[in-house]
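Enquirer: Chain A is fixed; fit chain B onto it per the hints.
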Amino acid sequence: QKEVEQNSGPLSVPEGAIASLNCTYSDRVSQSFFWYRQYSGKSPELIMSIYSNGDKEDGRFTAQLNKASQYVSLLIRDSQPSDSATYLCAVIYNFNKFYFGSGTKLNVKP
Amino acid sequence: NAGVTQTPKFQVLKTGQSMTLQCAQDMNHNSMYWYRQDPGMGLRLIYYSASEGTTDKGEVPNGYNVSRLNKREFSLRLESAAPSQTSVYFCASSPEAGILYEQYFGPGTRLTVT
Chain A
398 QKEVEQNSGP
408 LSVPEGAIAS
418 LNCTYSDRVS
428 QSFFWYRQYS
438 GKSPELIMSI
448 YSNGDKEDGR
458 FTAQLNKASQ
468 YVSLLIRDSQ
478 PSDSATYLCA
488 VIYNFNKFYF
498 GSGTKLNVKP
Chain B
-4 NAGVTQTPKF
6 QVLKTGQSMT
16 LQCAQDMNHN
26 SMYWYRQDPG
36 MGLRLIYYSA
46 SEGTTDKGEV
56 PNGYNVSRLN
66 KREFSLRLES
76 AAPSQTSVYF
86 CASSPEAGIL
96 YEQYFGPGTR
106 LTVT
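Protein chains in written order, with my numbering: chain A, 398 to 507; chain B, -4 to 109.
Please note that a few of the clues may not be correct.
Reference listing, derived: stretches of chain B covered by chain A, where coverage requires no fewer than 3 residues with Cβ under 8 Å from a Cβ of chain A [unchecked claim]:
1) 58 to 69
2) 98 to 108
Derived lysine to aspartate or glutamate pairs resembling DMTMM-like cross-links, with alpha carbons at most 20 Å apart [stated by the list, open to error]:
3) Lys494(A) <-> Glu54(B)
4) Lys494(A) <-> Asp51(B)
5) Lys494(A) <-> Glu97(B)
6) Lys439(A) <-> Asp33(B)
7) Lys453(A) <-> Glu97(B)
8) Lys502(A) <-> Asp33(B)
9) Lys52(B) <-> Glu400(A)
10) Lys439(A) <-> Glu97(B)
11) Lys4(B) <-> Glu400(A)
12) Lys52(B) <-> Glu91(B)
Quick caveat, the hints were computed from the structure, so don't treat them as lab data. Cβ coordinates follow ideal geometry from the N, Cα and C atoms, glycine included.
Chain A extracted, bound-state conformation (with noise of 0.2 Å):
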């Protein structure tokens, strides 16, 4: 089993909807949890962490974490063609190790 599992995908929204990614971890100690944008030929770029249950806003992203389900998902609001890229979900393990997902690719149609 994968540490971290992500649906790859192509999600496709149009724009201005909200696009839903989600992501579930297999380890229950994780503490910390990031989302990542990554365009295709480029390296990734943080969008957002998350440390507590619940949800967390920032702008048009909203990451939502529940550890008891053992999932965390990256909420895009007024979602927009330059969203489009793929999304990556990374959980810390063992207090310095990252795990990444194999990430979501999201299209956003015009």
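Expert: The following block gives chain B in isolation, referenced to the frame of chain A:
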């Protein structure tokens, strides 16, 4: 600030050749990391350095060695390249190793081993 820089950007090697991938950061970060990214596999940690003078294995260390030259620089060496090492390699850094600290990535090195 340049952030995290990597050289070279592209490299083609023949099986059995060796090479060193260079990484440097100018953010005064203590921790540095090397990942590889293969299609459908996500990013996998090869080695990391929690602080200057220390290195430790990640998820896929076989076939690689690392050197933390100083606080700024962290190199990855392939002693005898194999086709299975064809991948995109990313270096990353974070202020500290720990649960609160996100990582910042370099632009990557695209390596092909024939």
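Enquirer: Would the pair Lys453(A) and Glu97(B) pass a check requiring their Cα atoms to be no farther apart than 20 Å?
Expert: Answer holds: Lys453(A) to Glu97(B) is near 16 Å, not above 20 Å.
Enquirer: With the threshold set at 20 Å, check whether the alpha-carbon distance from Lys52(B) to Glu400(A) stays at or below it.
Expert: holds, 17 Å
Enquirer: For the segment 98 to 108 of chain B, does the count of residues with a C-beta closer than 8 Å to a C-beta of chain A reach 3?
Expert: holds (count 6)
Enquirer: For the pair we were handed, Lys4(B) and Glu400(A), check the Cα-Cα distance against 20 Å.
Expert: With Cα atoms ~30 Å apart, Lys4(B) and Glu400(A) exceed 20 Å; violated.
Enquirer: Does Lys494(A) pair with Asp51(B) here, judged by a C-alpha cut-off of 20 Å?
Expert: Between Lys494(A) and Asp51(B) the Cα gap is close to 10 Å, so the pair holds against 20 Å.
Enquirer: Given the hint that Lys494(A) pairs with Glu97(B), test it: the Cα-Cα distance must not exceed 20 Å.
Expert: OK: Lys494(A) and Glu97(B) at ~11 Å, within 20 Å.
Enquirer: Holds or violated: Lys502(A) with Asp33(B), Cα cutoff 20 Å?
Expert: holds, 15 Å
Enquirer: For the pair supplied as a hint, Lys52(B) and Glu91(B), confirm whether the alpha-carbon distance does not exceed 20 Å.
Expert: holds, 17 Å
Enquirer: Starting from Lys439(A), check that the Cα of Glu97(B) is at most 20 Å away, please.
Expert: With a Cα-Cα distance of about 18 Å, the restraint between Lys439(A) and Glu97(B) holds, given a limit of 20 Å.
Enquirer: Mind checking the alpha carbons of Lys494(A) and Glu54(B) for me, to see if they're no more than 20 Å apart?
Expert: holds, 9 Å
Enquirer: Mind taking a look at whether chain A covers the segment 58 to 69 of chain B? Criterion is 3 or more residues with CB to CB distance under 8 Å.
Expert: With 0 residues in contact (Cβ-Cβ under 8 Å with chain A), the coverage given for the segment 58 to 69 of chain B is violated.
Enquirer: Are the Cα positions of Lys439(A) and Asp33(B) separated by 20 Å at most?
Expert: OK: Lys439(A) and Asp33(B) at ~13 Å, within 20 Å.
Checked against the numbered hints above, the structure breaks hints 1 and 11 and satisfies the rest.
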